[in-house]
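The residues making up each chain are set out below.
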Amino acid sequence: MRVTVRLFARLRDITGASEIGRDVAPGATIGSIWRGLVAEFPDLAGYERSISSAVNTDYARMDHPVDDGDEVAFLPPVSGG
Amino acid sequence: MRVTVRLFARLRDITGASEIGRDVAPGATIGSIWRGLVAEFPDLAGYERSISSAVNTDYARMDHPVDDGDEVAFLPPVSGG
Amino acid sequence: MIPLLAIGREPLVLALLVAAVTDRQGDAAGADGGVAAFLGVVRNHNAGRSVRYLEYEAYEPLAVRSFERIAGEVAARWPGVRLALHHRIGRLEIGEASVAIAAASAHRADAFASCRYTIERVKQIAPIWKREFFDGGDVWIEGAAADPDDEVARAKAERAACA
Amino acid sequence: MIPLLAIGREPLVLALLVAAVTDRQGDAAGADGGVAAFLGVVRNHNAGRSVRYLEYEAYEPLAVRSFERIAGEVAARWPGVRLALHHRIGRLEIGEASVAIAAASAHRADAFASCRYTIERVKQIAPIWKREFFDGGDVWIEGAAADPDDEVARAKAERAACA
Numbered sequence: 001m002r003v004t005v006r007l008f009a010r011l012r013d014i015t016g017a018s019e020i021g022r023d024v025a026p027g028a029t030i031g032s033i034w035r036g037l038v039a040e041f042p043d044l045a046g047y048e049r050s051i052s053s054a055v056n057t058d059y060a061r062m063d064h065p066v067d068d069g070d071e072v073a074f075l076p077p078v079s080g081g
Numbered sequence: 001m002r003v004t005v006r007l008f009a010r011l012r013d014i015t016g017a018s019e020i021g022r023d024v025a026p027g028a029t030i031g032s033i034w035r036g037l038v039a040e041f042p043d044l045a046g047y048e049r050s051i052s053s054a055v056n057t058d059y060a061r062m063d064h065p066v067d068d069g070d071e072v073a074f075l076p077p078v079s080g081g
Numbered sequence: 001m002i003p004l005l006a007i008g009r010e011p012l013v014l015a016l017l018v019a020a021v022t023d024r025q026g027d028a029a030g031a032d033g034g035v036a037a038f039l040g041v042v043r044n045h046n047a048g049r050s051v052r053y054l055e056y057e058a059y060e061p062l063a064v065r066s067f068e069r070i071a072g073e074v075a076a077r078w079p080g081v082r083l084a085l086h087h088r089i090g091r092l093e094i095g096e097a098s099v100a101i102a103a104a105s106a107h108r109a110d111a112f113a114s115c116r117y118t119i120e121r122v123k124q125i126a127p128i129w130k131r132e133f134f135d136g137g138d139v140w141i142e143g144a145a146a147d148p149d150d151e152v153a154r155a156k157a158e159r160a161a162c163a
Numbered sequence: 001m002i003p004l005l006a007i008g009r010e011p012l013v014l015a016l017l018v019a020a021v022t023d024r025q026g027d028a029a030g031a032d033g034g035v036a037a038f039l040g041v042v043r044n045h046n047a048g049r050s051v052r053y054l055e056y057e058a059y060e061p062l063a064v065r066s067f068e069r070i071a072g073e074v075a076a077r078w079p080g081v082r083l084a085l086h087h088r089i090g091r092l093e094i095g096e097a098s099v100a101i102a103a104a105s106a107h108r109a110d111a112f113a114s115c116r117y118t119i120e121r122v123k124q125i126a127p128i129w130k131r132e133f134f135d136g137g138d139v140w141i142e143g144a145a146a147d148p149d150d151e152v153a154r155a156k157a158e159r160a161a162c163a
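Protein chains in written order, with our numbering: chain A, 1 to 81; chain B, 1 to 81; chain C, 1 to 163; chain D, 1 to 163.
If you're looking for bench data, these hints aren't it; they were derived computationally from the structure. Treat the hints with care, since some could be wrong.
Derived CB-CB ranges, DEER-like [as the list claims (entries may be wrong)]: (1) B:Glu-19 - C:Val-139: 19 to 25 Å; (2) D:Gly-72 - A:Met-1: 28 to 34 Å; (3) C:Pro-79 - A:Phe-41: 42 to 48 Å; (4) A:Met-62 - D:Ala-28: 41 to 47 Å; (5) C:Asp-135 - B:Gly-69: 42 to 48 Å; (6) A:Gly-16 - C:Ala-109: 36 to 42 Å; (7) B:Gly-31 - C:Gly-143: 41 to 47 Å; (8) D:Asp-135 - C:Ala-155: 41 to 47 Å; (9) A:Glu-48 - D:Glu-96: 31 to 37 Å.
Footprint (simulated), chain B over chain C, 3 or more residues, beta carbon under 8 Å [stated by the list, open to error]: (10) 45-58; (11) 123-130; (12) 134-146.
Quick reminder that beta carbons are idealized off the backbone N, C-alpha and C, glycines included.
Produce the complete structure using the sequences and hints provided.
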């Protein structure tokens, strides 16, 4: 299965990309994708407790399963307003 | 001494005048002018407890003395906003 | 630049009040983080009556002084807030604004609180009256007995402002 | 008519939001008694730094959904309130508005509370970020860990709204 990962604000600066394609195994979750990113970009580890995530432009928890073609997004703490 | 009395909103409707000239004796207060008006226009009596007053465009209490040439105003309960 | 405190017969333009409170000079320029604003609007219903229109009148010089007093109370309670307050008089149709307030501050909590406090105080102490023309007649609306020194009323306005 | 909820790069015009929330049709026409509004403005100081300008970015589709969620919360908590909420993204200079909110209601207490609640919730859950360019560098500002289902955060927003 292939998913698109969207990254914002400082997460994008750390990874150097706002959008990354990822091949994932069946049974993958948002959390497993996140852990894969942290392995690749250790500076992401500091966001372990403050990250939010979304699937297909809806907030979703880390244990949410992903499907082929999903858009998964990781959001650092927000600062709008 | 002569003072000008200004009346607003329903007080003006009751008295039929927005401005009345009044000759007052030395020692007159806002309160004595008010009581004179109530004697003349009994419908004002209902405002006994809710009236506010001013002298020369500043709020003033009923026991405030008046001087020749003063502008005295009587204000029913307000409803701005 | 329009005055910060005013009474007049022309339609109110909230954007002018917002511009007036945010256009600061010197050290205060650029220090605002938020502007809270309020418009009082003529409603088509009141106390079960169908309202056709309102007529507002004011004891204008005392009303302006009352606005200055309110602005002084705001300055004492929320230092750094810049306040604009305009009230319209004359005939107002349904949907038109009778009062406009804007309060700028470095922090939104102060902007909201001072804006809300201001409308409460206007209703308590500004010598302004509205006459309601409804289906079947008209009536002077009488609200608060105005007493600027009434600390109980002032405390009530502070509570409404969540201050 | 402009949309009630929006994100875009153009300067915000508060008057358009006020017009949008007060221009009601049918039974609701003329029922508004007050409009509370808020503008968030770019400040020249933050955390001891001299700010030069800000750049806002958003995850736009999720941000619009977040605004819809906030509007739904407002509708549930303050029935009859009509809400408009616009957020700007891109480069914003000192004094420019980043967010504009207008809330119309028959009663001013609901207008104020829902307006304040809305800005608190935007800061809690809207996927929007600001990068601050200050004298000597730049930094991403990181505030709240966004979780729309966090009832503790929601209760905090209600308290700030004095609701």
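* 8 Å C-beta criterion, at least three residues: is the stretch 134-146 of chain C covered by chain B -> holds (count 7)
* So does Asp-135 of chain C sit 42 to 48 Å from Gly-69 of chain B, Cβ to Cβ? -> Since the Cβ atoms of Asp-135 of chain C and Gly-69 of chain B sit about 45 Å apart, the hinted range of 42 to 48 Å holds.
* To do: Could you check the hint for me, namely that Gly-31 of chain B and Gly-143 of chain C are 41 to 47 Å apart, CB to CB?
  => Violated, since Gly-31 of chain B and Gly-143 of chain C (Cβ atoms, about 23 Å apart) do not stay within the stated range.
* Asked: Should the hint that Met-62 of chain A and Ala-28 of chain D are 41 to 47 Å apart at their CB atoms be regarded as holding?
  -> Cβ of Met-62 of chain A to Cβ of Ala-28 of chain D: about 42 Å, so the range 41 to 47 Å holds.
* Is 41 to 47 Å right for how far apart the beta carbons of Asp-135 of chain D and Ala-155 of chain C are? -> holds (44 Å)
* Does 19 to 25 Å hold as the CB distance between Glu-19 of chain B and Val-139 of chain C, or does it fail? -> holds (23 Å)
* **Assessment of proposed distance window 42 to 48 Å (beta carbons of Pro-79 of chain C, Phe-41 of chain A)** => At roughly 46 Å between Cβ atoms, Phe-41 of chain A and Pro-79 of chain C fall inside 42 to 48 Å, so the hint holds.
* Should the hint that Gly-16 of chain A and Ala-109 of chain C are 36 to 42 Å apart at their CB atoms be regarded as holding? -> Since Gly-16 of chain A and Ala-109 of chain C have Cβ atoms about 39 Å apart, the given range 36 to 42 Å holds.
* To do: Apply the coverage criterion to the stretch 123-130 of chain C and chain B: a residue qualifies when its Cβ sits closer than 8 Å to a Cβ of the chain, and three qualifying residues are needed.
  => holds (count 8)
* To do: Check, residue by residue, whether the stretch 45-58 of chain C contains three or more positions whose beta-carbon lies closer than 8 Å to a beta-carbon of chain B, and give the verdict.
  => Since three or more residues must qualify, the claim that chain B covers the stretch 45-58 of chain C holds, with 3 doing so at under 8 Å.
* Glu-48 of chain A and Glu-96 of chain D, beta-carbon distance inside 31 to 37 Å? -> Since Glu-48 of chain A and Glu-96 of chain D have Cβ atoms about 35 Å apart, the given range 31 to 37 Å holds.
* Asked: Do Gly-72 of chain D and Met-1 of chain A keep their Cβ atoms within the hinted range of 28 to 34 Å?
  -> holds (32 Å)
The structure fails to meet hint 7 from the earlier list, while all remaining hints are met.
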